[in-house]
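> Next come the chains, spelled out residue by residue.
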Amino acid sequence: MLSTPVPDPSSPAVTAEGLVRRFGDKTAVDGVDLRVERGEIYGFLGPNGAGKSTTVRMLTTLIAPSGGRATVAGHDVATEADEVRLRIGVALQEAALDDKQTGLEFLDLQGRLYGIPKAARRARIAELVELVDIGDAIGRRIGTYSGGMKRRLDLAAALVHDPEVLFLDEPTTGLDPASRSSVWAEVRRLNTEQSMTIFLTTQYLEEADALADRVGIIDRGRIVAEGRPEDLKRSIGSDVIVATIDGDPGLVEAALVGVAGVERVELRGEEVVISVADGAATVSPVAVALNGCAVAVRGLTLRTPTLDDVFLHLTGSHIREGEGE
Amino acid sequence: MSTAVRARHAGFVSDLHSVALRALRLTLREPEAVIPALIIPLFFFLVNTGALTSFVERTNPGFDFKAFQLPVAIAFAVTGVSRAGSLVTDIQSGYFDRLLLTPVRRLTLLLGLMVADFALVVALTLPVVALGFVVGVRFETGFVGFVVFVLVAATWGLAFTGFPYAIALKTGNPAAVNASFLLFFPFQFLTTTFLPQQLLTGWLATVARYNPVTYLLAGLRSLITVGWEWGELGKALAAIAAVGVVSMSLALAALRGRVRRG
Numbered sequence: 001m002l003s004t005p006v007p008d009p010s011s012p013a014v015t016a017e018g019l020v021r022r023f024g025d026k027t028a029v030d031g032v033d034l035r036v037e038r039g040e041i042y043g044f045l046g047p048n049g050a051g052k053s054t055t056v057r058m059l060t061t062l063i064a065p066s067g068g069r070a071t072v073a074g075h076d077v078a079t080e081a082d083e084v085r086l087r088i089g090v091a092l093q094e095a096a097l098d099d100k101q102t103g104l105e106f107l108d109l110q111g112r113l114y115g116i117p118k119a120a121r122r123a124r125i126a127e128l129v130e131l132v133d134i135g136d137a138i139g140r141r142i143g144t145y146s147g148g149m150k151r152r153l154d155l156a157a158a159l160v161h162d163p164e165v166l167f168l169d170e171p172t173t174g175l176d177p178a179s180r181s182s183v184w185a186e187v188r189r190l191n192t193e194q195s196m197t198i199f200l201t202t203q204y205l206e207e208a209d210a211l212a213d214r215v216g217i218i219d220r221g222r223i224v225a226e227g228r229p230e231d232l233k234r235s236i237g238s239d240v241i242v243a244t245i246d247g248d249p250g251l252v253e254a255a256l257v258g259v260a261g262v263e264r265v266e267l268r269g270e271e272v273v274i275s276v277a278d279g280a281a282t283v284s285p286v287a288v289a290l291n292g293c294a295v296a297v298r299g300l301t302l303r304t305p306t307l308d309d310v311f312l313h314l315t316g317s318h319i320r321e322g323e324g325e
Numbered sequence: 001m002s003t004a005v006r007a008r009h010a011g012f013v014s015d016l017h018s019v020a021l022r023a024l025r026l027t028l029r030e031p032e033a034v035i036p037a038l039i040i041p042l043f044f045f046l047v048n049t050g051a052l053t054s055f056v057e058r059t060n061p062g063f064d065f066k067a068f069q070l071p072v073a074i075a076f077a078v079t080g081v082s083r084a085g086s087l088v089t090d091i092q093s094g095y096f097d098r099l100l101l102t103p104v105r106r107l108t109l110l111l112g113l114m115v116a117d118f119a120l121v122v123a124l125t126l127p128v129v130a131l132g133f134v135v136g137v138r139f140e141t142g143f144v145g146f147v148v149f150v151l152v153a154a155t156w157g158l159a160f161t162g163f164p165y166a167i168a169l170k171t172g173n174p175a176a177v178n179a180s181f182l183l184f185f186p187f188q189f190l191t192t193t194f195l196p197q198q199l200l201t202g203w204l205a206t207v208a209r210y211n212p213v214t215y216l217l218a219g220l221r222s223l224i225t226v227g228w229e230w231g232e233l234g235k236a237l238a239a240i241a242a243v244g245v246v247s248m249s250l251a252l253a254a255l256r257g258r259v260r261r262g
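In order, the protein sequence lines correspond to chains D and W. Numbered according to my numbering, the first sequence spans residues 1 to 325. Numbered according to my numbering, the second sequence spans residues 1 to 262.
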């Protein structure tokens, strides 16, 4: 009798090797390699349409890869999809709920489908209701819930069977700041208290920065950078000076050649992004250089680099400028 | 978090129960979807018998037109009643994907809905039969015949649901599912709806000969007006089986396509 091989408990939570997904002529995911260790929060960052959700749909067994290979919790997503499903929790981009069900009926159905016995199901649901702070509303129809409550219920459903790996696809898109903070706190708590591996896709830079142990940046179906957020940001310089100008950016670039401390100059429309080793020491020489060229400087900002600067450096565009996926 | 839980396959029967339970609950919460299915057969039964009973029975002494019309009304009640519209809503909202993310047996996602459909069509037949009783229709086969009548009608209803489910799963489009109602008309009207088969002439007689509803109606009528006519019942069940094989094959193929992940 064939049996499913038991994965090594020390194996990575998620791996992908040359993962490809094509839809007709369009290649949505084009050779993605991933390795997410157990207990890690991995942020998958990229603009809309970059391939984040398609990658998640492959890793969560909703669609099959067109090429390459991926494993989740030690099981192949293509050949052992059922084993993967038992070990993952997923909250997709849109909280797909049935407004005519009550919250309790919804969680109970999820628990039933994961084969959790009645007593354990009840106890687990009671814990989750408290965890996601839904309270007495759990007995009401979901159609009466606010957007934030629906997201929290969605998260509870993803946790009902205590998964090894939790996939959160843009979990805070469309949420107000308070609800967003609440989801962030919950993600951190799940990771620290339960050592749950969390694979998080987001288009919010601050979300990846705040939550992720490591970040993979994806653009046009390919991973263009990967690492700890601070390492990625440091890779483009210690500080960034952003000049907003009216005029020919080429003149600015020429004016900055030879200015001490300037490591890199990138032009983006009306913005000139200047990577420098020491912002405080370099901002004055930069201002003087800009003053001497024939363009009007409308603003000059000194700040530390963001992941958007990393993305800009790697792809030439800002993360939030992509089109809908 | 203290409760230890371990995910496992719940099993086919448990999955079927879970999916059907949700579908039944939602059926009860959508009276707007059920009420028309109840009113239409009652309306047609009252209009048809009210308008034609005197004329038909005067020209055909001994002919019980109300008993003749009751199976027609029942066919109206059970044909095309399904949760295919809700299935499309699930597909469009992502709820169907949510179910696919669980280890649920894929087949139960369709069969569970059909369990709820069967319960609904049984429920829909009862008021229609009750109206028949009120206007004087009686079963020659007695109470057992009445039970068989309801079950045969409900099985026909179930066999027909494969068509709207196939369209729902194939297209994920509510307009296409609504259009599947058009299938109902040739089945329902190109048959012995108003006249016995021997009185049909021309192309309608030819079409009715190949319409499975002709044999369904004949089988149901025999339970009311004749008695235990095993030949008629056998033909009715064979007609249901033929339609069921076609519609369920289409529905299962569409389900396979929907969950294939390709």
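What the hints contain is simulated information worked out from the structure, not anything from laboratory work. Do not take every clue at face value.
[To be verified] The following residues of chain W were derived to be distant from chain D, with all beta-carbon distances above 10 angstroms:
1) His-9
2) Ser-14
3) Leu-26
4) Val-34
5) Ser-54
6) Arg-58
7) Asp-90
8) Tyr-95
9) Pro-103
10) Phe-133
11) Ala-176
12) Leu-183
13) Trp-203
14) Ala-254
15) Gly-257
[Stated by the list, open to error] 20 angstroms max Cα-Cα, derived EDC-like pairs, lysine to aspartate or glutamate:
16) Lys-150/D to Asp-176/D
17) Lys-100/D to Glu-30/W
18) Lys-100/D to Glu-32/W
19) Lys-150/D to Asp-97/W
Note that the Cβ used here is the ideal one computed from N, Cα and C, for glycine as well.
> Taking the hints in turn, state whether each one holds.
How the hints compare with the structure:
Taking the minimum C-beta to C-beta distance to chain D, about 6 angstroms, the non-interface status of His-9/W is violated against the 10 angstroms cut. A beta-carbon of chain D is positioned within 10 angstroms of the beta-carbon of Ser-14/W; the least distance is around 7 angstroms. Look at Leu-26/W: its CB is around 5 angstroms from the nearest CB on chain D, not clear of 10 angstroms, so calling it non-interface is violated. Every CB of chain D is more than 10 angstroms from the CB of Val-34/W (nearest about 14 angstroms), matching its label as outside the interface.
The claim that Ser-54/W lies off the interface holds: its Cβ sits roughly 46 angstroms from the closest Cβ of chain D, which is beyond the 10 angstroms cut-off. Separation of Arg-58/W from chain D is adequate, the least Cβ-Cβ distance of about 51 angstroms exceeding the 10 angstroms criterion. Residue placement check: Asp-90/W does not keep its beta carbon more than 10 angstroms from all beta carbons of chain D (closest about 7 angstroms). A beta-carbon of chain D is positioned within 10 angstroms of the beta-carbon of Tyr-95/W; the least distance is around 5 angstroms.
Some Cβ of chain D comes within 10 angstroms of the Cβ of Pro-103/W; the nearest lies about 5 angstroms off, and the non-interface call is violated. Against the 10 angstroms criterion, Phe-133/W stays outside the reach of chain D, whose nearest CB is about 34 angstroms from its own CB. Non-interface call for Ala-176/W relative to chain D: holds, since the shortest CB-CB distance, roughly 21 angstroms, exceeds 10 angstroms. Consistency note on Leu-183/W: stated as away from chain D, and its beta-carbon is indeed over 10 angstroms from all of that chain's, at 27 angstroms minimum.
Every beta carbon of chain D lies more than 10 angstroms from that of Trp-203/W, the smallest distance being close to 45 angstroms; the non-interface claim holds. The beta carbon of Ala-254/W is kept farther than 10 angstroms from every beta carbon of chain D, the shortest such distance being approximately 18 angstroms. For Gly-257/W, the condition that its CB be more than 10 angstroms from all CB atoms of chain D holds, with the nearest at approximately 13 angstroms. Among the hinted pairs, Lys-150/D with Asp-176/D is consistent with the structure: their alpha-carbon atoms are about 13 angstroms apart, no more than 20 angstroms.
As the CA atoms of Lys-100/D and Glu-30/W are separated by approximately 9 angstroms, the hinted pair is consistent with the 20 angstroms bound. A threshold of 20 angstroms between alpha carbons decides the hint, and for Lys-100/D with Glu-32/W the separation of about 13 angstroms falls inside it, so the pair holds. Annotation: proposed proximity of Lys-150/D to Asp-97/W holds, straight-line Cα distance about 17 angstroms (limit 20 angstroms).
Hint check: violations occur at hints 1, 2, 3, 7, 8, 9; the rest are consistent with the structure.
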